[in-house]
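A.B. asks: Sequence:
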Amino acid sequence: MDKLPGKNQSFWSTTAQAMSYPQLDEDIEIDTAVIGGGISGILTAYFLAKEGQSVALLEARELVSGTTGGTTAKLSSQHQLIYDDLLQQDGLDVAKLYYEANQEGQKLIKAIIDDHGIDCDYKVADSYVFSENIENTSSIEKEAEAYEKIGIEGGIADSIPVDLKVTSALVMKKQAQFNPVKFLYAVLKEVDSLGGRIYQHTRYMDSEKNGDQLILSTDTPFTVTCNQVVFATLFPAEDPDSFYSDTLKPVASHLTAFESPEAFDSGIYISDDDPIRTFRGALNGDQCVLIIGGETHPKGDGKSTIEHYEAIQHYAKEEFRLTEFLGYWSEHDHTTPDRRPFIGKIQTDNDKMYVMTGYGKWGLAASATGAGIIKSLIVGEDNRFEKLFSPERQLPEDKGDRNESNETDENHVVSPGSEQMERQLAKGQAQSVEINGKPAGMYKDTDGNMHYLDLSCTHLGCEVKWNDGDQTWDCPCHGSTFDGTGKVLAGPAKEPLRTIDSLQ
Numbered sequence: 001m002d003k004l005p006g007k008n009q010s011f012w013s014t015t016a017q018a019m020s021y022p023q024l025d026e027d028i029e030i031d032t033a034v035i036g037g038g039i040s041g042i043l044t045a046y047f048l049a050k051e052g053q054s055v056a057l058l059e060a061r062e063l064v065s066g067t068t069g070g071t072t073a074k075l076s077s078q079h080q081l082i083y084d085d086l087l088q089q090d091g092l093d094v095a096k097l098y099y100e101a102n103q104e105g106q107k108l109i110k111a112i113i114d115d116h117g118i119d120c121d122y123k124v125a126d127s128y129v130f131s132e133n134i135e136n137t138s139s140i141e142k143e144a145e146a147y148e149k150i151g152i153e154g155g156i157a158d159s160i161p162v163d164l165k166v167t168s169a170l171v172m173k174k175q176a177q178f179n180p181v182k183f184l185y186a187v188l189k190e191v192d193s194l195g196g197r198i199y200q201h202t203r204y205m206d207s208e209k210n211g212d213q214l215i216l217s218t219d220t221p222f223t224v225t226c227n228q229v230v231f232a233t234l235f236p237a238e239d240p241d242s243f244y245s246d247t248l249k250p251v252a253s254h255l256t257a258f259e260s261p262e263a264f265d266s267g268i269y270i271s272d273d274d275p276i277r278t279f280r281g282a283l284n285g286d287q288c289v290l291i292i293g294g295e296t297h298p299k300g301d302g303k304s305t306i307e308h309y310e311a312i313q314h315y316a317k318e319e320f321r322l323t324e325f326l327g328y329w330s331e332h333d334h335t336t337p338d339r340r341p342f343i344g345k346i347q348t349d350n351d352k353m354y355v356m357t358g359y360g361k362w363g364l365a366a367s368a369t370g371a372g373i374i375k376s377l378i379v380g381e382d383n384r385f386e387k388l389f390s391p392e393r394q395l396p397e398d399k400g401d402r403n404e405s406n407e408t409d410e411n412h413v414v415s416p417g418s419e420q421m422e423r424q425l426a427k428g429q430a431q432s433v434e435i436n437g438k439p440a441g442m443y444k445d446t447d448g449n450m451h452y453l454d455l456s457c458t459h460l461g462c463e464v465k466w467n468d469g470d471q472t473w474d475c476p477c478h479g480s481t482f483d484g485t486g487k488v489l490a491g492p493a494k495e496p497l498r499t500i501d502s503l504q
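Going by this note's numbering, the sequence shown opens with residue 1, and the numbers climb by one from there.
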């Protein structure tokens with residue numbers, strides 16, 4: 001299939017009117033600059049503004065358009081199976097603190113909702129991990145034992161409130177779900193009312209010291225002078241000593257939305273099977289919707305993403321008899337070696353730059369806790385979760401292989417016949433080729449115009465791969481994303497892919 005039905009757009013982005021904020025149009029001077037307009041950045045700006053700080057929030061694209069706007073939107077401390085791993089790796093104190101940190105994040109978000117009367121479809125729900133494979137029973141039982149040791153409310157469930165052939169299940173009580181776009185649009189209004197400055201289409205490019213201050217350059221003619229900067233971006237916009245490039249791994253997941261005759265409002269769910277399936281109910285006006293995701297894989301692995309979406313479609317039809325396909329979208333995040341995010345000073349001796357990254361696809365509650373950590377560090381308060389997420393902590397040896405292959409794409413066409421390939425290429429699709437032994441790409445836009453690109457990522461030079469389902473060029477090394485013409489959609493890359501005059 002060359003094209004999927006429905007819209008290639010996050011369901012959440014269709015549920016609220018997008019908010020408009022200007023591009024940076026003057027030089028400004030503030031206390032703290034926050035780079036990144038997802039939940040981490042917005043909540044950090046909110047907490048700092050409440051402390052009386054002058055704050056500027058800068059987003060390279062549209063606010064809430066990245067991973068935050070593409071999530072399943074579960075506010076849960078049940079991160080599939082993690083607590084037995086944390087017990088074995090780090091001990092009881094760390095495992096318990098990790099649980100408490102995520103519970104604290106949920107409380108912070110609920111408090112903001114209550115304080116400002118935010119209508120964001122917030123609902124308390126039990127969270128379930130389940131398996132349809134009897135071979136996974138032991139891993140779920142071990143996780144249940146970890147719950148008991150930590151004191152988590154929950155444990156083995158005899159069944160789940162969904163008609164699936166489940167062989168084992170684990171419940172964590174009193175978790176939640178919400179609409180992140182509605183929530184964050186409301187928080188942005190509060191940041192604005194507290195005097196915070198908010199800018200879209202303003203990409204951070206670089207910084208230089210000016211006495212005790214930093215001067216941040218952007219892709220506009222204007223600068224931001226500040227006392228400190230917080231990088232609340234998917235991958236840090238600065239990377240001292242390549243620590244984050246060497247440590248973070250980008251992974252992609254795929255999500256879909258289906259019209260549903262029933263509400264699926266009795267819980268939130270994720271499987272312990274391969275492939276993983278995660279789902280929850282939602283509402284679009286009066287229409288019930290089921291959001292289903294999964295198909296997690298290393299980002300930029302060069303494999304057809306259309307096939308991932310089709311696999312989820314098949315699951316929806318077979319398990320839930322759903323066929324009304326509303327839309328589909330991808331999101332990616334970064335994992336760390338110990339499954340805990342990096343939140344704190346970007347380097348031990350640097351109190352001018354802070355970082356929030358590596359949430360491993362479980363960043364909603366942790367972002368709120370993380371925003372509290374960053375606020376505490378900047379205003380000089382103690383925070384009991386600071387060491388848990390500090391980038392300075394001792395890390396285990398990375399057990400996995402970094403996905404940073406620069407091998408020639410198996411779909412490369414060597415010495416292409418340009419005119420024939422251009423005719424055969426569908427609009428909105430691309431082809432990897434080789435020119436003089438180097439990777440190159442050709443993309444046909446929706447108007448039929450051809451674009452020729454050097455496929456070396458402008459971050460650190462890895463070869464980007466074509467994502468046919470989302471029509472993007474994806475970097476397997478550090479997660480940068482470019483549209484078909486080479487424009488940056490997601491960093492750490494700051495510059496577009498280089499263009500080539502032609503393939504001849």
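Derived by calculation from the structure, the hints in this document are not laboratory data.
This structure is a prediction, so every number in the text was calculated from the model and none was measured.
A hint or two may mislead.
[To be verified] Subject to a maximum C-alpha distance of 30 Å in a straight line, what follows is the list of computed DSSO-like cross-link-like pairs (lysine-lysine):
hint, residue 1, residue 2
1, Lys189, Lys110
2, Lys427, Lys110
3, Lys142, Lys107
[Stated by the list, open to error] Cβ-Cβ distance ranges computed for the label pairs, FRET-style:
hint, residue 1, residue 2, range
4, Met205, Gln347, 16 to 22 Å
5, Gly6, Glu392, 43 to 49 Å
6, Glu381, Asp447, 52 to 58 Å
7, Met421, Gln89, 23 to 29 Å
8, Asp114, Glu208, 38 to 44 Å
9, Leu460, Glu62, 24 to 30 Å
10, Glu262, Glu62, 30 to 36 Å
11, Lys352, Leu164, 23 to 29 Å
Every residue, glycine too, gets a C-beta built ideally from N, C-alpha and C.
A.B. asks: Could you check the hint for me, namely that methionine 421 and glutamine 89 are 23 to 29 Å apart, CB to CB?
C.D. replies: About 50 Å separates the Cβ atoms of methionine 421 and glutamine 89, which means 23 to 29 Å is violated.
A.B. asks: Given the hinted pair lysine 427 and lysine 110, is their alpha-carbon gap at most 30 Å?
C.D. replies: With Cα atoms ~45 Å apart, lysine 427 and lysine 110 exceed 30 Å; violated.
A.B. asks: Are the Cα positions of lysine 142 and lysine 107 separated by 30 Å at most?
C.D. replies: 27 Å, holds
A.B. asks: Range hint 38 to 44 Å: satisfied by the CB atoms of aspartate 114 and glutamate 208?
C.D. replies: 42 Å, holds
A.B. asks: Has the hinted range 23 to 29 Å been met by the Cβ atoms of lysine 352 and leucine 164?
C.D. replies: The hinted range 23 to 29 Å is violated for lysine 352 and leucine 164, with Cβ atoms some 51 Å apart.
A.B. asks: Just tell me: holds or violated, for the beta carbon distance of leucine 460 and glutamate 62 against 24 to 30 Å?
C.D. replies: 26 Å, holds
A.B. asks: Holds or violated: 43 to 49 Å for the Cβ distance of glycine 6 and glutamate 392?
C.D. replies: Given range 43 to 49 Å: holds, Cβ gap about 45 Å.
A.B. asks: Is it true that glutamate 262 and glutamate 62 lie within 30 to 36 Å of each other by Cβ?
C.D. replies: Given about 33 Å between the Cβ atoms, the range holds.
A.B. asks: Range first: 16 to 22 Å. Now tell me if the beta carbons of methionine 205 and glutamine 347 are that far apart.
C.D. replies: Given range 16 to 22 Å: holds, Cβ gap about 20 Å.
A.B. asks: Falls inside 52 to 58 Å, the C-beta gap from glutamate 381 to aspartate 447?
C.D. replies: 54 Å, holds
A.B. asks: Is it true that the CA of lysine 189 sits at most 30 Å from the CA of lysine 110?
C.D. replies: The given pair, whose Cα atoms are some 17 Å apart, holds under the 30 Å limit.
Against the hints set out earlier in the document, violations occur for numbers 2, 7, 11.
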